[in-house]
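K.L.:
Sequence:
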Amino acid sequence: MSRTVMLIPISSGVGLTSVSLGIIRAMEQKGVDLNVFKPIAQPCVDDNDRLDNTIAIIRANSNINVVEPLKIRDVEKCLSANQQDRLMEKIVARYHKHTQKAGVVLIEGLMPTPKHPFANTLNYQIAKTLNAEIVFVLALGNHSHDQLKQQIEIACSSFGGKKIKILPG
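Counting along the sequence shown from 1, when you hit position 93 you're at 93 in full-length UniProt numbering, and nothing is skipped either side.
In case anyone wonders, no lab produced these hints; they're calculated from the structure.
No experiment lies behind these values; they were computed from the predicted model shown.
Don't take every hint at face value.
With a straight-line cut-off of 20 Å between C-alpha atoms, the simulated SDA-like cross-links for lysine to any residue are [said to hold, decoys possible]:
{"hint": "1", "residue 1": "K128", "residue 2": "S157"}
{"hint": "2", "residue 1": "K90", "residue 2": "E76"}
{"hint": "3", "residue 1": "K97", "residue 2": "F136"}
{"hint": "4", "residue 1": "K115", "residue 2": "G13"}
{"hint": "5", "residue 1": "K30", "residue 2": "V19"}
{"hint": "6", "residue 1": "K128", "residue 2": "V104"}
{"hint": "7", "residue 1": "K97", "residue 2": "I55"}
{"hint": "8", "residue 1": "K115", "residue 2": "K30"}
{"hint": "9", "residue 1": "K90", "residue 2": "Q100"}
{"hint": "10", "residue 1": "K128", "residue 2": "L79"}
{"hint": "11", "residue 1": "K97", "residue 2": "R3"}
Each pair of labels, with its calculated beta carbon distance range [to be verified]:
{"hint": "12", "residue 1": "E153", "residue 2": "A60", "range": "19 to 27 Å"}
{"hint": "13", "residue 1": "N65", "residue 2": "K149", "range": "32 to 40 Å"}
{"hint": "14", "residue 1": "A26", "residue 2": "N82", "range": "37 to 45 Å"}
{"hint": "15", "residue 1": "K101", "residue 2": "R25", "range": "16 to 24 Å"}
A virtual CB, placed ideally from N, CA and C, is assigned to each residue, including glycine.
Given only the sequences and the hints, what does the whole structure look like? Please build it.
P.N.:
What follows is the structure in structure tokens.
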């Protein structure tokens, strides 16, 4: 049985692609049987049809097989048509089809933006449905230790409270 870990950005500008690529590189160096699953493509600011940055970099620099993520416009259509269950079924089917042989599956969540305020809700649903352990990704910025702790506590409460599986780190 594989271990599923989902990186979930708490806000925009946290360097999610860099964090993902760093974890991928470290796991490759350790010889971990890794698969990367990005359920939904993060739209680029200038072009919603351009390949997701993380996927493009992985394909150019790694032998890891990555499946094409769903386009954000298709996700928005499902959500606006109140078909979230159908969307989750698609994501689960793609996950099981493309990650069967992996020891570890790393999932990169969708970045919350003003244009995509549904990202946190969707990330939570994906993590819960795939029984993923959660790693919150946040930027240090000018925040104090207490402010960062508070951000994490708020994120935890938004993602099911104390019963969720959060990896410390």
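K.L.:
So which of the earlier hints does this model not fit?
P.N.:
3, 8 and 12
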